[in-house]
Every structure is written in structure tokens, then in C-alpha cells.
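Mind docking chain B on chain A? Use the hints.
The listed protein sequences correspond, in order, to chains A and B.
With the first letter of the first sequence counted as 1, position 201 gets the number 201 in our numbering; the numbers rise by one all the way through.
With the first letter of the second sequence counted as 1, position 414 gets the number 414 in our numbering; the numbers rise by one all the way through.
Since the hints were derived computationally from the structure, they do not count as laboratory data.
Some hints here could point you the wrong way.
20 Å max Cα-Cα, derived PhoX-like pairs, lysine-lysine [to be verified]:
hint: 1; chain 1: B; residue 1: K286; chain 2: A; residue 2: K159
hint: 2; chain 1: A; residue 1: K59; chain 2: A; residue 2: K48
hint: 3; chain 1: A; residue 1: K159; chain 2: A; residue 2: K171
hint: 4; chain 1: A; residue 1: K168; chain 2: B; residue 2: K286
hint: 5; chain 1: B; residue 1: K110; chain 2: B; residue 2: K168
hint: 6; chain 1: A; residue 1: K181; chain 2: A; residue 2: K168
Covered, in the sense of this in silico footprint (three residues per stretch, anywhere, with C-beta under 8 Å from a C-beta of chain B), are these stretches of chain A [to be verified]:
hint: 7; segment: 151-163
hint: 8; segment: 166-177
hint: 9; segment: 201-207
hint: 10; segment: 212-226
Built from N, CA and C at the ideal position, the CB exists for glycine as well.
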Amino acid sequence: MTAEAERHAHGLNPVTKVVLLITLSVFILLVDSPFTMLLIVASILAAKQWFGTKGRFTKGVIGFALAIFVAQVLFSRSGNELASLWIVSVTEGGVDSGMAIAGKFLSLIMMSWIFVATTRPSEFSSALICVGIPYRYAFLPALAMRFVPIFELELSSVKEAQVVRGLKLDKSVRGLIRSAKYTVLPMFFLAMYKVNSLAASMTGRGFGASKERTLLHPRNLARWDLALILSTIGMVVAFFLVDRCQDWPSSLLF
Amino acid sequence: MSSLSFIVEKGEFVLLAGSSASGKSTVMQVACGFIPHMIPAEVSGTVRLNGRTYDDPAAIAGIACMVQQDPETQFCTETVEEEVAFGPENFRYPTERIRSSVDNALASVKADHLKGRKLSTLSGGEKQKVAIASMLALNPRLLILDEPTASLDPRSVGQVVRAVESMKKRSDITVVIVEHRVGDFVDLVDRLIEMENGVKTRDTCKGESEFAIARDSAMTLPTYPHPTRLGGAPAISIQGLSLEIGGWQILDDINLEITESSIVALMGENGSGKTTLLRHLTGLQKVQKGEVIICGHRLSSENGANPWTLGRDVGLVFQNPNHQLFEDTVEEEILFAPRNFQTALQKACAAVTSFEEMERLKRFVHPHCLSFGQKRRVNILSAYSHEPRVLLLDEPFAGQDQGNVDRMVSVVNDIHNHGKTLVIVTHDITFARQFCTDAAVLHEGRVVASGPTESIPEAVWRSLGREDRR
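Just chain A, same shape as in the assembly:
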């Protein structure tokens, strides 16, 4: 992430980012126009590039989006026929709906990546506490975010330990069941060990001893955050109303 991008990303309160994420997700779910969806995907891609966000499983996500698009093109038949080959016919409606659904999927995934990449877990919990969430619950997402990379590393070690001892798993159902069997057991014991150790460490430092806690670096919502939340919600509601009340120009948009 560039210094400027980092300054902007971390300038926003994490609660603001969550609200924006939810609001924009609702907006994206409402959009049906392929043209608008293309614009949204392009904007989110640009934001992702600007923040230097590295998406994990990029190949898998793009592959899945393509699969959604192809499935829609092949099986959704509405509107004018664009091409046909044997029993397969490609319609305008199929392409539109493929672009819209694949676009929704990509947009939601990429927005989540941006949120995770630009939000520090402890900042997030601090912001949640500041808006009145009890700190025992506010810590949960932060702990989850902190432990995701650790468990990813553990999982990778377990898989490697399987490989060096010759476990070759095919992608059949039987292979998947065997993979789960040999992965779940060590991961369960590793998770139990880590959870016990963390719980002892947190309890030993007074976590949960009182109803409230002080924050060394509180993250209160600033006026700018409130303005951004309200304007984004307002925009989405306005688009929704326009879509429901008028045929034009919303038909271009939705």
C-alpha cells in the first residue's frame, strides 16, 4: 500500500468502513444492469490497486466468477438470441445476467479484501468499543482477524506434513473425505492449544474482570465519518427509490 493510500485508508474509522461495506454490498445486490456492474467492478478494482491490496485465492475467485458467468450464459434464456450452436444458444439476457451476477460476486469479494487489508484488528475492536459494543464482543472480530493468518500457516504445515509422508489426495469425494479426516484432527488439537493458551493469557491480564476497559488509543467516530456514512446511505436509498419510481434514467442504472 502506498503511503498516501495507507493514510487515507487508516484515516477512516473501521466502523465507518464496516457500514460502507454493508451499504455498498446492499447497493451491489440491487444492481442488475451489466453496464453499471462493469463500472462498479472497475471502480473497486481501481481502489484495490490504489490500496495495493493483495487478494488471496485470486485465481480461484476469478475462476469461480467465470464459472458463474458461463453457467448464466448457457442456462439463462431471455431476450434476443445472439448466437446458437447445436442445442446451446446464447441470449442477450443470459449475457447480461451472467455479467451482473459474476460482477456482484467479484465486487463483494474485492470489497472485503480492501476492508481486511486497510483495517488493523485492534483498531477495529477499539472502534467497536467506542460505539458502545461491549468489549468482550468487540474483541471477537479482532481476535479472529489476528488468528486467520496464523491458522493459514498451521494448515499449510499440516498439508505439507501429509505430502512428505506420501498422502496423495485426488479431488474425488473419497479424496476430500480423507483430506478432511487427516486435516481436521491436527488442526483441532492445534486450535485447542492456541485457544487455551490465549484464554489463560487474557484472563491472567484481567480481561473480563470489569465491565468496561480504558483504551490507550480510542477510535471515536469523527464528523467526517458520520458525514460519509450518512451520504453513502442516502445515495443508496436515493438510487433505490429512483429505480422503483421511474423508468428512466434508472433503466440505464439498474
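Just chain B, lined up with the frame of chain A:
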């Protein structure tokens, strides 16, 4: 534990020693209230802290604090400052007091310079110092350090020892160090308590003859067998191996030749590239630059390895025993690789049952129910059961007491007697010098010395740390 009684005086520095599973950590977990309140157990008798009994770990927090073995698992934030401030925040200290508590705690362990750092960028020793500081920030009356040097390289052990040394200047704190390796801390403490099988076997103070005997015994270096060099053709040949990830040079022009049936100690500080080198030898890490030839398999950037094919000839024992236990019984665990590689199961059974150690391990016990030391031995036997020509062991002795180390050395020696080549990552200089036929020392991704152990210059051994610090 049974009928255990002792009193620790205010301001005392106590070393609670004993072999693995002797009950020393358990006593301290009882003292902190984790047992029976978080870990159910039947406990009789009383524990008084500062003259009072407590029935809730949350009430004990701030009076007695315990730093656990692995700092990584007890961190719940991202930066050093946040982690050290975590306790004072929970106790609702005012912001200014939190700031001063953080500064004082970090200064107490000589870690002030780490304040702005992210926890993920710290070395093992630095992480342990931050874990200690995060407890000191609460200004506890009693600080318990549970095996604070397990899994650390000698340099990091030195950092932790100096941190404990600097705490001695404070008169308001009582410290109990739980360790099976006494040598690192024995000169710092006022008193030594030893336990065996849940019973106190020795309780002696500095200045007493008993203390001097215990100290001398702890300082005596262990002795290992001296396997004979069998010699032979090269088993592993590494030419110009380099690896760069994200601008970091992990390995830099590694050249190494390892002959068949040799035992090679792979040494160097944490982060010097030892594990990455092992990963190249198993095909888990793709060769970026250079070439590796292992048991006739040629690995290069153009010619990638298939870890499954390589696995028949090269076995690897990972650092964490829990990563590599998959089956429901020890016997099934040992047959896991032979089944996958479709080698004759009878032969595999014969390969491991000839080991004296196999008889000791309970065959039908769930592997995850074994002790840490037993798990390590099952790991080695199960990585060897399909009889690979080369066996790689990544820090097999980390966190083990001398009894367990001796038992593992015996297993490794048996494997060597079958003519196998062994590469062992270790920080134990005595083990490397006595037991290994060869050594390779890495520093910042480069080989700084390699060859027969007797040919490694004394200065290189010294650079690896004190010989009694493993």
C-alpha cells in the same frame, strides 16, 4: 502432584526445576487459578498469594501473572505498545498511567526500543521479552515464567536471561522461573526447588552446599555417543542455491555436499534459513536459482520436484509434533507413510519394531494423548517407517528435557546404524560437536562454515552461543 508444600518469600527469585511432566508447570497453573477454574481438575490443599486465598483467576490477575512457553499464542493484539497496554486497559488505568506502565514495563526488560514495532516483526527472544513486559505492566507481586527459553536460539536465550537479570534490580517483585534446563538461570536465582513425578525432591537456597551441587550438576555438559563416519558417495549436493522472497534474500548462494550415512548438524540463529533449506531438500520449496541433487533427484528452477516422489527417499520431521499426527493409534501413525507409498507393511513394521523405543511407546494409545517427548519420538519413527534414504529433522530437541533428548538421540543413532543420512537442525552445540559427523552453519542465508565437525573453527562455535545454552 501429591502433598506438595512450599513457601516463596516476597522478593525471592526461585527456579522451579524438574524433568518434563514432573508437575512444575501444573503447580504454577494452580497458583494462578487456571487450575481448576479454567482447566478442570481435583485440587485439594490451599494456595495463598500475599496471605490470601482466591477462587477466581480474574481476581488473581494483577497479583500473580504467568508468562507461558510460547509467546506467539498469548498475544492478542498487533503491536508491542498495544500488547503491553492490554492488561492496564483491562484494569481501567487512566490513559496517562497506562502510558507510564507500558514504558516502565518495557524498560524493566530492556525492550524500550521495541515499543513502536509490530509483534510479527520481532525475533523469538524479543517476543518473549514483550510477553514478560505485558505482565510486568500490571505490576504483579508474583511473576511466573513458564519455560521462557524453550524453542529459542542461544542468542535469544541470552536476551531473556538478561531481561530476568534486569528485573532483579526491582525489590517489589517475586519471580518463579519454571525450567527443566537449569543452567541458564541458576546463577540468577536465590533458591532452587526441584520436582519429580509431582513431588518436591530438593529445596535449597544459594549459599548452601546442596545448591552448589545442583548448580555444578546443571553446568555439566551431557555426553552423547560418537557415531562412526561411514563415508560413501554424495547423498545431497547443493550448488549455488539462492532464494529471494519479496525483496528478502532468504538463501544466498548455498553450496553444500553431504555424503551418504553422515549425520549433519544444520546450525544458525533463528531466521538464518535452516528450515527453508530443509524445505528445498523435500521439494516443498521450489528451487528459484541453483541446483539440488538429492538421492539422484535433480531439482532446479526448470526441473521442479514432485514432493510425493521425493518423499520415498527423503523423510522430514517438522518442528511442531502436532502438525504431523494424523491417525488414531501410534501403530497406525507409524504405518501412515508406508501405506501411502505402498511399501511392504511387514517390512515397515520390522523397520521400526527393531527400535527399542518402539516397545516403550504404547502402541494403541492415541498419538495426541502422548507427552510432548513421546510425540517427538513417534514423529521420528513414523517419518522413518518407509525407510527413506535421507531423514531431515527440524529442531527435534526444542523444549525437551535431557532425558527426552537422550531417548531421541538413541532413536536417531539407531537410524544412522541402518546406514541412513541424517540432517538435523539444532541449536545444541554440545550435541552437534559430539554426535554429528559434520556441521553446516548458516548466517543470514549464507553458509559460513561447513565440513566435518572437528574442522569447524572454534570462533564459529563460539559465535553460535554458550555451549551450555541449548
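Hints, verified against the model:
The suggested pairing of K286 (chain B) with K159 (chain A) holds, with an alpha-carbon distance near 16 Å, which does not exceed 20 Å. Of the pairs offered as hints, the one joining K59 (chain A) and K48 (chain A) holds, with about 16 Å between alpha carbons and a cut-off of 20 Å not exceeded. Proposed proximity of K159 (chain A) and K171 (chain A) is supported: the alpha carbons are some 15 Å apart, at most 20 Å. The straight-line distance between the Cα atoms of K168 (chain A) and K286 (chain B) is roughly 19 Å, inside the 20 Å bound, and the hint therefore holds.
Distance check on the hinted pair: K110 (chain B) and K168 (chain B) sit about 13 Å apart at the alpha-carbon level, within 20 Å; holds. Between the alpha carbons of K181 (chain A) and K168 (chain A) the distance comes to roughly 13 Å, so the proposed pair stays at or under 20 Å and holds. For the segment 151-163 of chain A, the assignment as covered by chain B holds, since 7 residues bring a beta-carbon within under 8 Å of that chain's beta-carbons and 3 suffice. Only residues whose beta carbon comes within less than 8 Å of a beta carbon in chain B count, and the segment 166-177 of chain A has 3; three or more means the coverage holds.
Interface restraint, the segment 201-207 of chain A with chain B: holds (7 residues with C-beta to C-beta distance below 8 Å; minimum three). Here the segment 212-226 of chain A counts 6 residues with a CB under 8 Å from a CB of chain B, which clears the bar of 3, and the coverage holds.
Hint check: no violations occur; every hint is consistent with the structure.
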